[in-house]
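Participant: Spelled out from the first residue to the last, the chains are:
2 protein chains.
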Amino acid sequence: MRAVAVLAGVILCGCAHLPKDALIIKEQGSFAAGGVVAQHSGSYDSSKFDNFKPYPEGQTFHGDHAHVFYQIPFNAHPLPLVFLHGAGQSSKTWESTPDGREGFQNIFLRRGFGVYLIDQPRRGKAGRSAVAANIEPIADEQMWYEIFRIGKYPDYFDGVQFARDEESLEQFFRQMTPNTGGFDDEVVSESIAALFEKIGGGILVTHSQGGICGWSAAVKNQNIKAVAAYEPGNYLFPEGELPEAMPSRTGTLTGRAVSKSDFLKLTKIPIVIYFGDNIKDEVTDELGAENWRVRLALGRLFVEAINRHGGDATLVELPKIGVYGNTHFPMSDLNNIEIADLLSKWLKDKGLEEKK
Amino acid sequence: MRAVAVLAGVILCGCAHLPKDALIIKEQGSFAAGGVVAQHSGSYDSSKFDNFKPYPEGQTFHGDHAHVFYQIPFNAHPLPLVFLHGAGQSSKTWESTPDGREGFQNIFLRRGFGVYLIDQPRRGKAGRSAVAANIEPIADEQMWYEIFRIGKYPDYFDGVQFARDEESLEQFFRQMTPNTGGFDDEVVSESIAALFEKIGGGILVTHSQGGICGWSAAVKNQNIKAVAAYEPGNYLFPEGELPEAMPSRTGTLTGRAVSKSDFLKLTKIPIVIYFGDNIKDEVTDELGAENWRVRLALGRLFVEAINRHGGDATLVELPKIGVYGNTHFPMSDLNNIEIADLLSKWLKDKGLEEKK
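Chains as they are written, first to last, in the numbering used here: chain A, 1 to 356; chain B, 1 to 356.
Because the hints were derived from the structure by calculation, they are not lab data.
Hints may contain errors.
Because identical chains cannot be distinguished in the list, a pair is counted as satisfied if it fits within a single copy or across any two copies.
For lysine-lysine, the following PhoX-like pairs were computed, each having C-alpha atoms within a straight-line distance of at most 20 angstroms [to be verified]:
id, residue 1, residue 2
1, K48, K152
2, K268, K355
3, K26, K198
4, K152, K53
Whole structure, please, built from the sequences with the hints as guidance.
Facilitator: See below:
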């Protein structure tokens, strides 16, 4: 808890006029990471300009990069936390919660970690996509309410860790932002590998659909020193060890086979996976329970495979350790401090707070 | 320069271990502002779910809001600065510069201002649009290089305030991000008015296409206590006083007529407008010079109209005060500290640093 230590130091040395909850930021900024460049044939000639009609001859298009905003606190731990959002979301996932409390961005800054917030390629501020997209405003929020396990619309699950006022739900729905090009986990993992090439060592924290991008990025770049995944959507397995496909009401889940040598790279770093509440092991007609039932089941097999091959993976089912009511967004749920405490303890137990 | 004063205080009181360039943030976070809600007819029934195919009956769609990230430094001036980007850009405009220096976000935090960075509706992290969009990856960057007055591609203007290494130009191109719905300055100004309704008094700083949204927002919400506009694209005029349309090679510019009572609201607040270098008064074949020639000329008439009706507007043509080489992005040009100093002096001269 270095940030606290620093503040204590500040107060002891007479800076009591500094609010004790101030964030002391040594450095912050943003940049694009990775991406591709397309060069159109021909030569550029501005005399072809006609009222902003396209004249691509000889022009370039930079796209498929990630946008990254970072903050490094004073006296930070050596390894920063790098946060990747999930489907339909952006780096907003880690900022203020829907009910206006602090998210993981602030919580882990206070705990002395540098934080890097990613907008993945074709999303958010990294919207410049190398492929075309058609975006339609389709009413779908009640479906997401159920898929994300807030409850059975319009009801909330008993004890769900989500504020029940209308404004919080509205802010939650407004967090969603569309793909500006088709989701491609290869494109995303390439941009994350490029980010770690630039910043050096760090700890990757993924959410949901970002899970598969995180495993692939960790195979591509060994600057990723650990991975913490919140409810990952899919997993990598060694060729020949791919589990049977798992059907569910929300689709059939099939793991991803990679070469054994690539898979073994994931056995060299500590891995932790967290799943929230209201996921059942048996088949039901609940969209949320069904969508995550198979992803949790395949996660158990992924952890077994990692450990069977000499790795260090842990899967935490929050209700099984007495933490109840979490939705698909534990990082912004009402108990997100308790969720952060679990991650902090894991980071400390694995020596990642001091690791360089 | 309160941030500096605070740091001096910190150091004097014995906290010399704090880096003197640390940012001391009292509060930071993000939220959605404004927007609309569409409610599809019918009643929601999750049994209609079929492999994520749309089933909008009875579902909602929240869209057309702004995403806002804010930071309040310790001991801040009463009025924060609220930053709105221009066409094809996002809040990235105010973050790190293409060559990796600090942008207006950090510069004005250091000067003791709270900062609010907007992604306007249908852009960046506020991508959820109430109207459909088709996004195509069209090579157009050499055109923007010229429109944004970096030079005549591939040449740089003599003395242009833009770093000449390839990486900086690549980062600049990657700042662009597309509309996820058609640009609608009414939608944007509504979200900005909603933002100021939420946060109270503040100073709006706009760029380029954001200019017209800023004038309209200041008409809609008197919590906007001043407007600083960098190279605004268009202007409001009182009915009956609309200047003649101004043709140029990049299109014909026509001001926007509003009721006299609405226009007079802009005469109650201080306004400053800045234009950079390499804009000529005569017609040329340069895309950049032509695109901004008419917007500068109409800006002169806007300032005359504001002041003729008892207002307080100033237009600063940077080369005419000896500041040379600025592109369309003075806030991130190589001399952006000098550009920020000009804004700071204006804010101080107008009493806006202490105004509540």
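Participant: List in ascending order the numbers of the hints, as given earlier, that are violated by the structure.
Facilitator: Checked against the structure, no hint fails, so every one of them is satisfied.
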